[in-house]
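**Q** Spelled out, the chains give:
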Amino acid sequence: MRHIISLLMENEAGALSRVAGLFSARGYNIESLSVAPTEDPTLSRMTLVTTGSDEVIEQVTKQLNKLIEVVKVIDLIDGNHIERELMLVKIKAIGADRDEIKRLVDIFRGSIIDVTDRSYTIELTGTSSKLDAFLENIESSAVLETVRTGASGIGRGDWVLRV
Amino acid sequence: MSVELTGAEITIRCLQEEGVECIFGYPGGAVLFIYDELFKQDKVRHILVRHEQAAVHAADGYARSSNKVGVALVTSGPGVTNAVTGIATAYMDSIPLVIISGQVPTNAIGLDAFQEVDTVGITRPCVKHNFLVSDISELAVTMKKAFYIASTGRPGPVLVDIPKDVTQQKAVFDYPDKLSMRSYNPVVKGNAKQIKKAVDLILGAKRPVVYTGGGVILSDAAKLLTDLTKMLNYPCTNTLMGLGGFPATDKQFIGMLGMHGTYEANMAMQYCDVLIAVGARFDDRVIGNPKHFSNENRKIIHIDIDPSSISKRVKVDIPIVGNVPDVLKELIRLLKDTEGEPDQNALREWWNQIDLWRARDCLKYDRASSIIKPQMVVEKLYEVTKGDAFITSDVGQHQMWAAQFYKFDKPRRWINSGGLGTMGFGMPAAMGVQLANPRAKVACVTGEASIQMCIQELSTCKQYKLPLKIVNLNNRYMGMVRQWQEFFHGNRYSESYMDALPDFIKLAESYGHVGMKIEQPEDIEGALKEAFKLKDRLVFLDFMTDQTENVFPMVPGGKGLSEMILV
Chain A
1 MRHIISLLME NEAGALSRVA GLFSARGYNI ESLSVAPTED PTLSRMTLVT
51 TGSDEVIEQV TKQLNKLIEV VKVIDLIDGN HIERELMLVK IKAIGADRDE
101 IKRLVDIFRG SIIDVTDRSY TIELTGTSSK LDAFLENIES SAVLETVRTG
151 ASGIGRGDWV LRV
Chain B
1 MSVELTGAEI TIRCLQEEGV ECIFGYPGGA VLFIYDELFK QDKVRHILVR
51 HEQAAVHAAD GYARSSNKVG VALVTSGPGV TNAVTGIATA YMDSIPLVII
101 SGQVPTNAIG LDAFQEVDTV GITRPCVKHN FLVSDISELA VTMKKAFYIA
151 STGRPGPVLV DIPKDVTQQK AVFDYPDKLS MRSYNPVVKG NAKQIKKAVD
201 LILGAKRPVV YTGGGVILSD AAKLLTDLTK MLNYPCTNTL MGLGGFPATD
251 KQFIGMLGMH GTYEANMAMQ YCDVLIAVGA RFDDRVIGNP KHFSNENRKI
301 IHIDIDPSSI SKRVKVDIPI VGNVPDVLKE LIRLLKDTEG EPDQNALREW
351 WNQIDLWRAR DCLKYDRASS IIKPQMVVEK LYEVTKGDAF ITSDVGQHQM
401 WAAQFYKFDK PRRWINSGGL GTMGFGMPAA MGVQLANPRA KVACVTGEAS
451 IQMCIQELST CKQYKLPLKI VNLNNRYMGM VRQWQEFFHG NRYSESYMDA
501 LPDFIKLAES YGHVGMKIEQ PEDIEGALKE AFKLKDRLVF LDFMTDQTEN
551 VFPMVPGGKG LSEMILV
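So the sequences go chain by chain: A and B.
Residue 19 in the numbering used here sits at position 19 of the first sequence, with consecutive numbering throughout.
Residue 227 in the numbering used here sits at position 227 of the second sequence, with consecutive numbering throughout.
I should point out that these hints are in silico values taken from the structure, not numbers from a laboratory.
Given the structure is predicted, the values throughout are model-derived calculations rather than measurements.
One or more hints might be untrue.
Claimed, not checked - Per label pair, the in silico range of CB-to-CB distance:
#	chain 1	residue 1	chain 2	residue 2	range
1	A	Gly-79	B	Asp-42	56 to 62 Å
2	A	Ala-142	B	Phe-114	52 to 58 Å
3	A	Glu-136	B	Phe-114	25 to 31 Å
4	B	Arg-182	A	Ser-17	49 to 55 Å
5	B	Gly-558	A	Leu-104	52 to 58 Å
6	B	Leu-111	A	Ala-25	54 to 60 Å
7	B	Lys-559	A	Arg-26	46 to 52 Å
8	B	Gly-110	A	Ile-77	35 to 41 Å
9	A	Ile-30	B	His-489	45 to 51 Å
10	A	Asp-158	B	Glu-138	23 to 29 Å
11	A	Arg-26	B	Ile-565	39 to 45 Å
12	B	Asn-297	A	Leu-104	56 to 62 Å
13	A	Ile-77	B	Thr-548	38 to 44 Å
What the hints assert, rightly or not - Calculated lysine to aspartate or glutamate pairs in the DMTMM-like style (CA-CA distance at most 20 Å, straight line):
#	chain 1	residue 1	chain 2	residue 2
14	B	Lys-170	B	Asp-135
15	B	Lys-144	B	Glu-4
16	B	Lys-145	A	Glu-12
17	B	Lys-178	A	Asp-54
18	B	Lys-315	A	Asp-97
19	B	Lys-291	A	Asp-54
20	B	Lys-506	B	Glu-486
21	B	Lys-315	A	Asp-54
22	A	Lys-62	B	Asp-317
23	B	Lys-178	B	Asp-317
24	B	Lys-43	B	Glu-9
25	A	Lys-66	B	Glu-519
26	B	Lys-315	A	Glu-58
27	B	Lys-299	A	Glu-55
28	B	Lys-223	B	Glu-330
29	A	Lys-62	B	Asp-306
30	B	Lys-315	B	Glu-330
31	B	Lys-144	A	Glu-55
32	B	Lys-386	B	Glu-509
Backbone N, C-alpha and C define an ideal beta-carbon position, used for all residues, glycine too.
Excised from the complex, chain A in its bound form (with noise of 0.2 Å):
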């Protein structure tokens, strides 16, 4: 099962090669890792997109907490979240292509940012899933790059993660 890791870290020097080095050295899986530093400089959020058996999620917050520069594991599947991913997207555009691209960014939600006469760089903010299904309508031979951030996500109402 598809599991949203959000967790809390002191902004240091290698914090992050800590994380990424527990996921390789047990086998776990990393889908997708986001990471910034928060509104106290010290501290930055990390989401982790990651999939496994219950007993293999267990593990994977534990040996997280684990970690000293860790401050705090949850994992945002537990209550109800929000999730965003944010994916810019070149897309080959030419002739009667670009009304009907056009129209796809707008059921979407999505918007043009760049335009030339032979592409559209598109922006586009959502689930992961709707990034994908934004994709599956598009013909993948018109896709010309795509760079995506991962999934970040928050919890809903008053579930805060916070030191």
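Given chain A's structure and the hints, the job is docking chain B onto it.
**A** What follows is chain B alone, placed relative to chain A:
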């Protein structure tokens, strides 16, 4: 008041503040300033080893036998890479160490400088934590954190990497009394409700077993564990790392369990209805195949300080995360307050069953053999030392025989590399033990293959007059490899014969020690007695043992605990 000290002085002052009396190391370019400061003081004694691996093993043996943090000091590059085996050994067995390593100057880091290696990167997977001190102002607090992290929670090695220029820079020395880290707060007390539930389960048991590991030794909980077990009259088994946690000569002790555990311990473990696991982690050498283990229905209480050890390989029913002594104290208190008591009839029946298993006499061997049996050497060692020595070992058959035949009544007396299984551990670890316990009898039970992996330390032993007794069970084979090849690889002894062995007697003598060769069973006892009479000399006892002897019982890899091969 604001006198500034150099980074090198601060490093040494931190060791003094922590009460460190003895460190193990080897100098080199990046740590020259630190060695210069060592030279100028006499509070911290430095033991010069002959290879950095031995420095860490010696610090490790020092820590295991004394419950103090062991300290090693090595230089950058090869100094660190040599130390890695020692660090990983300590990590696998959760031993509190602080390793100080030199690093190239900060402005040279990343430029492939001479003797540069990414120390923090290389050691990251085998330390509890590590630090690169890139600013002199961080040095003292980093050292404080290193000792704190190493010795609290589930202990482990912590490495502090100090660039050479930082050891030259100056800062005011201010060693913090206390530390608080928002990201590191080890649990102490166990959850009261869980402990209450455990009490009910313990009292309701009909076929109980107390199974304890290294956590009982590391947390100094042997006395409490013994009290609890005696109070209940339950059978107790120890893991390889847990020997000495419960007195081996007590009738409630059913021996070590696991791959080479006793028949009674493994059968009891498999067929118990309530398992009380204390400071142990159900590893592959202990319970064999976890699926086979789970075929039997039993309830498991698991007390451990590390939440990640719980339900890792085996699902448990009542996890209790906490410091073992704290949890045991609470358990004992509640048990004393409770009206109920264990079902004595059921317990009697269970003991009868265990006695039947015991009667199988699974550790028997041919005592009338005309060739020296390695088991007999360990038995005689036990008798001659009256069970009161510190025993270190290397890795292989001799390690198992030492664990099976030396009856450890006290904690911290049995010192071996259980997790990583590091050949070469025994003698340097024994040096650390002897330095932490200057008047104690210290013996290293080893084999002719393992001992050669750190044989250079005979020189260190001479320099510091460490009167170790090296008990070499010499069967001219890497015995455990040979045993597996015999059992599982059609007797094809691929590269496991130790050819071109040195004359260990002459070798020991060339280092200035005493060597003895023992070839007849009737000479074992006399040789050991003579060796221990030489109180201030290292004696290398080379026992020529039976080449074909195997370790029994044995749970083959992937098999269940009740599927032992018996002699």
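**Q** Just to be sure I understand the hint, the distance between the Cβ atoms of Gly-558 (chain B) and Leu-104 (chain A) should be within 52 to 58 Å; is that true here?
**A** With a Cβ separation near 54 Å, Gly-558 (chain B) and Leu-104 (chain A) satisfy 52 to 58 Å, so the hint holds.
**Q** Does the beta carbon distance between Lys-559 (chain B) and Arg-26 (chain A) stay inside 46 to 52 Å, or does it fall outside?
**A** violated (25 Å)
**Q** CB of Ile-77 (chain A) to CB of Thr-548 (chain B), is that within 38 to 44 Å?
**A** violated (57 Å)
**Q** Does the alpha-carbon distance linking Lys-178 (chain B) and Asp-317 (chain B) stay inside the 20 Å limit?
**A** With Cα atoms ~37 Å apart, Lys-178 (chain B) and Asp-317 (chain B) exceed 20 Å; violated.
**Q** Return holds or violated for the Cβ distance of Ile-30 (chain A) and His-489 (chain B) against the range 45 to 51 Å.
**A** violated (38 Å)
**Q** Is the Cα-Cα distance between Lys-62 (chain A) and Asp-317 (chain B) 20 Å or less?
**A** Measuring from Cα to Cα gives roughly 18 Å; hence the hint holds.
**Q** Can the restraint linking Lys-144 (chain B) and Glu-4 (chain B) be considered satisfied, given a maximum Cα separation of 20 Å?
**A** Within the cut-off at roughly 18 Å; holds.
**Q** When you take the CB atoms of Asn-297 (chain B) and Leu-104 (chain A), is the distance between them in 56 to 62 Å?
**A** Holds: the Cβ-Cβ distance is about 58 Å, inside 56 to 62 Å.
**Q** Taken at face value, is the distance from the CA of Glu-330 (chain B) to the CA of Lys-315 (chain B) at most 20 Å?
**A** violated (24 Å)
**Q** Is the hinted range of 35 to 41 Å satisfied by the C-beta distance from Gly-110 (chain B) to Ile-77 (chain A)?
**A** At roughly 39 Å between Cβ atoms, Ile-77 (chain A) and Gly-110 (chain B) fall inside 35 to 41 Å, so the hint holds.
**Q** Can the restraint linking Lys-178 (chain B) and Asp-54 (chain A) be considered satisfied, given a maximum Cα separation of 20 Å?
**A** violated (39 Å)
**Q** Quick one, are Lys-62 (chain A) and Asp-306 (chain B) close enough, alpha carbons at most 20 Å?
**A** holds (9 Å)
Hints 3, 4, 6, 7, 9, 10, 11, 13, 17, 18, 20, 23, 25, 30, 31 and 32 from the list above are not met by this structure, while the remaining hints are.
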